[in-house]
Amino acid sequence: MSTRRASRLRALAAKVRGFLRRPRRDTEFDVEIQEHLQLLAERFVVQGMSREEARAAARRQFGNVTLLQEDRRELRTFLSLEALWRDLRFGVRMLCKNPGFTMVAAVTLALGIGANTALFSVIDGVLLQPLPYPHPEELVAVRHTAPGLNVKDLQSSDSCYFIYREQNRTFQDIGLYRNDSVNITGLAEPERVSALDVTDGVLPILGVRAILGRTFTRADDSPGTAKTVMLSFSFWQRKFGGDRSVIGKTITVEGESRQVIGVLPRDFHFGGRDVAMLLPMQFDRATTFLGDFSYQSVARLKPGVTLAQANADVARMLPIVLKSFPMPVGLSPKTLEDARIGPNLRTLKQEVVGDMAKVLWVLMGGIGLVLLIACANVGNLLLVRAEGRQRELAIRAALGASRGRIAGGLLLESFLLALLGCALGLALAYGALRVLVATAPTALPRTNEIAINGPAVLFTLVLSLFASLLFGCVPAFKYAVAPQLTALRESGRSMSESRHRHRARSALVVSQVALALVLLVSAGLMIRTFRALIHVDPGFVTPSEIQTFRVDIPDTQVKEPERVVRIEEEILHKIEAVPGVSSVSLSMSVPLDGTQTTGPVFEKGRPYSQGALPLHRFRFVAPGFFKTLGTPLVAGRDLTWSDIYNKVPLAIVSERTAREHWHDPASALGKQIRVGPKDDWREIVGVVGDVPKFEGDNIEVIRSAAFFMRASRAGSASLMEDVQKAVWSVDLELPIADMHTLEYYYSKSIARTSFTLAMLGVAGGMALLLGVVGLYGAIAYSVSTRTHEIGIRVALGAESEDVLKMVLRGGFKLAGFGVGIGIVAALVSTRYLANLLYGIKPTDPPTFATVALLLIGVALLASYIPARRAAKVDPMVALRMSS
Amino acid sequence: MDVKKSEVLQGTLDLMILKTLEALGPLHGFGIARRIEQVSRDVLQLNEGTVYTSLLRLQQQGWITAEWGTSENNRKAKFYSITKRGQKQLELETKNWERISGVIGRVLRLEAERES
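Protein sequence lines correspond, in order, to chains A and B. Heads up: the first sequence is residues 488 to 1370, going by this note's numbering. Heads up: the second sequence is residues 522 to 637, going by this note's numbering.
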C-alpha cells in the first residue's frame, strides 16, 4: 500500500530530523505536561480532594511520564541506534575494566579463529579459487582407464593425441605435455634443469602468451624442423639478466643447439613444478606406435560441452586409435584389446588438486572443532563473569531494562570480544600460513596461489560473528531470559549453588570433552598411520647417510652405449676415492622417488594364462647397489662389472619374490626369468633381503643414472663439491642434478601423511590444551562457588575425604558423559579419515581407549586440585566468608 | 506489553483524536482528553499521557498542526488543529473502520446464530 509506505517515510524523515537535532531538549513538551497535570489536579481539588491527593491522582490518571518521554524520543529519533552506541561504549568499558579476562578470552579465540583462517586460506587457494587461466571451467585433463589391466588411471598417448586432435567433436584444441629435465651446456658450467615438453596446443589452450617473442607453432612442433625452445621468466633473468635480445640466440640443450623463440610470463606455473624451459614434442606421426601411455594431456572443451559428452566423444575415438597405428614390436593386438581402455576425463582442477581435497576438508573439520572448543572455553569464562555481574544485571532488569536490551548488551560484549580475537587471529593466521606454505610444498599443490585475501578476511569476520553468537548465547540466554528475581535477594554467593545454575556449565564441560575426544582420536589415528608407514621396511638402512645425485648422458653427447657404461664406471671409481665414501653404486632411479617400472615377469618353462600376468616392480641396477643401500644378500652373489661388459643377462630377486615363486631363496638361484615377452632370459644369481621389489641387472645402458654413495658426510656441501670434481674429472660436460640424501626422498614419499599428521597433531594439541584449561577452569570455579556449601558439610561432620570424593565424582561424571558422547561422535566422524589411514581401521580400539582414558585422567586431575583445596577449607572461614 | 493490543489501541486513539479535532476545531491536549473521556464514558480506560504520543505521531504525519495560544482561562497552551491531509486521512480511516467493524460484526453474529 502506497499510503502506508508514504506514512512510514514521513515518520522516518521526522526521525532523521530529530536525530540530527538530538541535543535540544523537549522543553515545550514539559510545559505541556505540567499544564495538563495542573489542570487535572485542579479538577480533583474542585471534586473535594486535598492538594496532595489531587496531585497524586492527576499523576495516576496521566500515566508514567518517563515512559511517555521515552516513547516520544523513540518517535522523534533512532532510539535503537542510540542504545547501540551506549551499549557499545559500555561493552568496551567492561572489557577494559577486566584486561586479564579480556586477554585470556581474546587469545583463546584468536587461536581458534587464526587456525581456521589459515586453513581456509589454504582451501580457498587450493580448492575453491578457479585455476589462473581464462575460462578454467573448459579445461580438462584427458586421462584413460584400463579395467582389463586393473589400472584405474592411465595417462594419454601420442597415438591418442593425433586421433583426438584430428577427429574430436567436443574439444576446441588438445595438447600433450610431459615433465622432462635437460642438460644445459655452453652457458658457464653445465647444468641440469627441469623442463616441460609440450605440443604446440598446450600454451594456447591455457591462454598463456609469451611476454617476449612468440609461443610454439605447429611448424615448431613438426619433426625435421629447426629446434626451438621457450625460456621461463626466472631462467631468462638468471642466465641472460633479462636481456631482451635473447630472442633468436641459440643455447645447447642435451647437446643440441636450439633457438630461443620466446620467454614465458613470470607467473607461469603448470604441471605442478617450476620449469626452466619449454621444448616442443615434435612427434613423428609416421613412427608412432600404440600403447605409450606416458604423456599428460590437457584439452579445452568447446563452450557448453559437458564432461560426459567429452567422455563419450573419447570413447567413440578410442577404437579409431587402435585401428590407425601399428602395435609396438612384440605385443599382440589382443593385449591392448584385453586392457579395455576407456575414457576417464576430469577437470584440470581435479587433476591439479588431486587427492589433497579430501585431506584438506578433513583438516578443516578438525580445526573447526578446535574453534568450537575455544568457543566453549570463552563461553565458560563469560558465564563465570556474568555470575559475578548477576546483581548488576538484576538491578538493570528491575529498573525497567527489557530482557532484549540486556541480552543484546551481553551479546554485543561477546561480539566485541570476538572482533578482538578476529584481529589477533588474522595476525596469527598470517604467520601460520607462511610456516605452512614453507613446510608443505611437496604435498600441497598450488601453494603459490595461497594467501590471506578478501574471501579469507570475510570468512574470518563471519566466523567471529558466528563464534560470538555461539559463546555469547550462553550467558545472554541464562541471565537475560531466565527469570532473575531471586538474584537481588541472594546476597552475592551466599546461597548454595542450585542444580539449575550448574547446568549450563556442565553442558559446556561435557561438550568440550566430547569435542576434544573426536580431535584426539583423529590425531591418534594419524599417529598410528604414520608409525605403520615408517615401519614399512623400505629395504635400506640409515637413509640419512646415503647421498644420491643424477647424471644424464644424452646420446647427442656420447654416442656409443659402451662408452656410457665406461664413463659411469669411471665416475663410480672416482667417487669411491672421495674421502668418507664407503661404497657407491648406480641405478636407473632412486627408490621411493615415484618413478618405478612395473611390468610382467615371466619364469622360463612356466605356463601363463592370458590376462593373469604376475606384475612386479623392477629396476635396473649396477654392482654394489645393495651393498650401498645396506640391503643384505640372502643367497647367491652380487653383480660384477664384468657381467655387465660381457652382457650376461642376469637378475637378482627379492627374498619375498623368491619365497613366493620357489619357496626358499636358495632354490631361486639358477632359475631363468625375463621382464616382458621380448626380454632376454636372465639367470637369477642372487637373492637379497627385504626389498619388496624385483631387481633386474643392467643390460640396457642407463643414460639417466642415479648414483648412490654411502658416506658419513652425506648431505654436506663439501661432499658434493668433491663429487662434482670427481664427475668433471671424467667429463667436463656432465652436469649433476637432484643432489639429495635418500632420507629426502623417504620423507617426501610420506609427505602427505606427515603434513596431515602435523596439522591434525597441532589441532589435537590445541584441543587438548584448551580442553584441559577449560575443564580445570570450570571445575575449579564450580568448587570455589561451593565453598560455603562445603563449609556446612564439614561443619556437619563430613570428612575431608568425603568432600574430595564428592568433587572428584562430579568431575568424573562430567568427563564420563563427555567421553561417551565423544566416542559416538568420533565413530561417526572418523569414517571420513578412512582413506587417509594406512594399516589401521578408523575404529581402532586402542586409540579410542587411550584417548578416552587420557581425557578422563585429565578431568580427574583438573578436579583433584580444587577438590583438595576445598577439602582443606576451615568450616568457620567458609561460613563467615559469605555472611 | 502486548504489542498487538497496544497497536490497535494506538490506531484507535489516533482516529478518535482526528475526529475530535474535526468536530470541535482547534483544541489543546487537555481538552482532547476531556472530550474523549466524555464520549467514551467508562468504556475506555485511558492514560492521558498517551494522547500526547498520539498527537506527536499525527503531527509527524502532517495530519494535524500545532500552535501556541491562550486557553479559556488565560494560560499558555498548545492548540492542535486538523489539516486538509488529516481530513482526507480521517475519511479514509473512517471508511476503513466501518468496513472492518461491519465485517467483524457480521462474523460475530454468524457465530452467535450457530451457537444458539
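Any given hint might turn out to be false.
To be verified - Just a sample of chain B residues kept apart from chain A, beta carbon distances all over 10 Å, derived: (1) Lys540; (2) Val560; (3) Thr571; (4) Leu577.
What the hints assert, rightly or not - Chain B stretches covered by chain A per the calculated footprint, using a threshold of three residues with CB under 8 Å from any CB of chain A: (5) 550–558; (6) 579–591; (7) 616–630.
These aren't lab readings, by the way, just hints derived from the structure by calculation. Even glycine gets a Cβ: it sits at the ideal position worked out from N, Cα and C.
Now for the hints, and whether the structure bears them out:
1. Lys540: holds (18 Å)
2. Val560: holds (17 Å)
3. Thr571: violated (7 Å)
4. Leu577: Non-interface label fails for leucine 577 of chain B: nearest chain A Cβ at 5 Å, not farther than 10 Å.
5. 550–558: It holds, with 3 qualifying residues against the three required.
6. 579–591: holds (count 3)
7. 616–630: violated (count 0)
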